[in-house]
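Take the two lone chains and join them into the complex the hints point to.
From first to last, the protein sequence lines are chains Y and B.
Going by this note's numbering, the first sequence opens with residue 1, and the numbers climb by one from there.
Going by this note's numbering, the second sequence opens with residue 1001, and the numbers climb by one from there.
Read the hints as simulated data drawn from the structure, not as lab findings.
Nothing here was measured: the structure is a model prediction, and the numbers come from that model.
All C-beta atoms in this analysis are idealised placements derived from N, C-alpha and C, irrespective of residue type, glycine included.
Please note: incorrect hints may appear among the correct ones.
[Claimed, not checked] Computed footprint of chain B on chain Y, listed as stretches where at least three residues anywhere in the stretch have a Cβ under 8 Å from a Cβ of chain B:
#, segment
1, 5-19
2, 25-31
3, 68-82
4, 136-148
5, 201-210
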Amino acid sequence: MRNSSKLSRVLIYIGLIFWMFINLFPVYWMFTFSLKNNAEIFGDNVIGLPKHWLWSNYTSALGTGNMPKYFLNSAIVATATIIITLAVALMATFALTRLIWKRRKTLNKFFMLGLTIPIHASIVPVYVTLSKLNMLNTYWALIIPYSAFSLAMAILVCTGFMNEIPRELDESACIDGCSVWGIFLRIIVPLMKPAVATVGIYTFLQCWNELMFANIFISESALRTLPVGVQALSGQYTTNWGPIGAALVLATFPTLLLYIFLSRKIQESFMAGAIKG
Amino acid sequence: MGVPPPLKEWENRIMNKLYSRKIHIIVFLLPALILFCGVLIAPIGASGYFSLFDWNGLGEKTFLGFANYRELFTSDEIGFLKALGNSLLLAVFSVFLQLPLALGLALTLGKKIKGERLFLSVYFMPVLISTVVIGQLWLKIYNPDYGILNVFLRSIGLEKWTRIWLGTKQTALGAVFVPTLWQYVGYHMLLLYAGVKSVPPELREAAMLDGASDRQVNRYIVLPYIKPIIRISVIFAVTGSLKSFDLIYVLTNGGPLHATEVPSTLMINMLFLRNRYGMGSTIAVMLIILCFGFALLISAIFREED
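Chain B with its partners taken away, still in its complex shape (with noise of 0.2 Å):
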């Protein structure tokens, strides 16, 4: 602005050159690189390592080759497969029910409905509060002597359908899903509203304008647009449930008897309580691998459908 053309090539210059001295560069990053490296890159590496090994955390290593992954997969008494058979059902529970109701909200939310913000701000609320405590208050909710579920269910004379609901085989584990899922409506209504905000309003009225219905214009207008949003709520809701672990652990820590076992459950006993630093690992790697791969797998499912 103002100023000369062979001016402001000669000021451009100047900063060109103080911008790429390399050793701004490296000191600009290094925390980071150190940081990032350091707890999250290199240990996905360490724990790849330690997991071929059968090791006690503190003696020493024997090596025992793809041993760990081989007894993961086929010991009826670890029950990997059981804990990830657990997870993967909290999973469908969540992509399909969790997730459509959150959509259900969203849309609802979206099309400027009075108390918009308020209904916004409570539906998100849950998220916020700290997994200890929604599990301690679903553990006095649940409790089979003075919890309001059995104190309700008693006072409409429904008293045989009170339960141990936690302590039962057979409940825990449905139990245990409800809080879960309660947790984070909230959670993926917030990100798909966002997603049903920015549907520009010109594209909403042109539909209304021809004759579309409400449903119409969801289904043809909304729905594709944010099919983005929609699928990182899906990532998140499958990746989020294999990784579950903070409410089970306060619920029933995988009990009663490994009726509510999930992978990340499964980890922190064979780290802490057996001391087989090696599985614990192999399990940690079967997790990243996981993770990944249905990420993955999510967005081609996504991508195909295009």
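This is chain Y alone, in the form it adopts within the complex (with noise of 0.2 Å):
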């Protein structure tokens, strides 16, 4: 009985670390071979680490292929959506979980149908409106739409966490003579950075990587984000491996920072958009 318990466990963490493999492999090929020459990538040293460090491969990257400008782009347009989705999913919350009106609950169960409605559905009434009000290839074109589409999941998080706050904190707030506004900004706003930082590194992650959108309402080169951006660049040298993989680790590299920093954080806003949906 012990023995078959202890090989049991011997077998599942066979089992765990096999998968550790499958889900690590991928991402270390990309790091070594974004560090190798075509000759170790193509035949002499495959999988191993590489036998000369060819940092070059990331100045090329950063040189050639406008790759510091499509991060720039990234990061405006996902630090926009943040502060747009935040500031308009924090005031929504307040009216839904604070003022006092009939069709509350009503109205948040109606934002909340965004949880479910696939993007394919504004791809063609927003590329076209966008192309009237000759918005196409700006970075409204792409903050308005992430903005929008965020604010369901921003709105349930952020009314989690508002609910806990306490009423009397208001009223405390009102009998001191605070206006409506005074309340929202200097007492609850404050109280609600752990929703913040949920919403945030959420938003930021679903923009950061966001293909669809990008590649539709942005053709001009220069304002491309980093998906597309590597994807072109992918495009363009096909035979040359090593800039390539230095691209795709440059686009990677803040998310797995940010990860190894706030794992838990992370995990938690991955947990919060999806139960209770």
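Here you go:
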């Protein structure tokens, strides 16, 4: 009995480690081939660590392919989206949890529809509208749709946190003569930091990796975000793998760095977006 | 606290008055409503409207009624049913392969195993990597000449198993499914793991005291407890498969010879290669209907089981 349970433990660990390997190997391979020359990648040294660490792959990825520009574009779009999403969601949540009116619950459910609506629903009408307003190939062409699609999740998370804030705080602020805006900005918002972090992280990751909108609404090379840029870059340098690998690593680096420091918070933000959807 | 009741009531009344002012309600809600209705709700209606027309996006629209829908389902040239079939096949793999794997991992990690955090974090990592990066990476893995898959097969003497994985009709669909399923195992695992962790320890201990084995605890305590989360996971797996786009776009863009076409790639081709905005909208509407339909159906099946 003891032996068999020991055996099953060992088997479980073998399975877990094997699955860990399956998850890590492609990423490991990406890191190594980003530092190799073609001769190593294509035959001499396919899976080993690089023999000659070819950092020049990174300089050529950064130099030739607009990579810094793509980075900046992604950062601008993500930052603006996070700010707008949070501002709009916090205000809406305040109205949905604090202010007193009849159809609060119904409207909350209405916003939650956003969790299920696929982005496909918007593509044609939003594309047509953006092109009529001459807004294709601007940052706004991405910031506005991204904010709209992040809103439902943001309101869901903010509602949970805002309900936890005791109403006595509002009352005493009100007696002290605070206006509604005063209560909102000085009492409620500062207490919403955990929600802000959760929504911010989740929204950042969504924007950083989004492909479909970014691909359609932006055609000008100088305004591309990272996913589209990396895609275009790989199309241009099909035979020279090293710099492509470097570009892939550069695009992944910020998210992985964030993940190393904030893994728990990131995992929480993904759970918050799903549970009770 | 310390405030006499009448004063308390008075405070309450002032606050209720402040919080019931219509102007505040409108100002606080307006930005969200405009954004939400403008980008999500109105476009559903607009897509439905466009789907009734023949339209190239610029010129005059010609009203067709439901002709686009008829054509979508009957035309072999468009091949919507084939594309839908592909995404449903992906859904089947997702529900019967990806989810059981995710559930197995979640159950294993959920019982306080050494290194739990490390395993969990590594398994979830692929979810965070951009699908373009993952797609490019797998393009290299599948590369017929230098990709590690064929290199590996050659090195162990299975030369005749090597394939042009993404360029052959027979293997392309499978080759596209593998990374798609691989990337999101961690996501489902995380949801299910959160569920497993939320099972009250007393329930587990009580069952253990009664002499239940690990397997029995999972079967009779944990699984029924996390059923709502399993339901969400199934819904995400199915609707996610119906909507799948990114990886397929990067890996094959629906080719070779439409072997890996899914509704989303078809839609993008209709819109931006053929300028058929009416037909593109028709596919969008079908996707919305299918996503909501399947979500309701799956919920109903889970309710039936109770």
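Now the hints, each set against the structure:
1. Counting residues of the segment 5-19 of chain Y whose CB lies closer than 8 Å to any CB of chain B gives 4, so the stated coverage by that chain holds, three being the minimum.
2. Only when three residues or more bring their CB closer than 8 Å to a CB of chain B does the claim for the segment 25-31 of chain Y stand; here the count is 4, and the claim holds.
3. With a threshold of 8 Å between beta carbons, the proposed coverage of the segment 68-82 of chain Y by chain B is violated, since 0 of its residues qualify and at least three are required.
4. For the segment 136-148 of chain Y, the stated coverage by chain B holds: 4 residues have a C-beta nearer than 8 Å to a C-beta of that chain, and at least 3 were required.
5. Counting residues of the segment 201-210 of chain Y whose C-beta lies closer than 8 Å to any C-beta of chain B gives 3; at least three are required, and the coverage claim holds.
Hint violations for this structure: number 3 only, all remaining hints satisfied.
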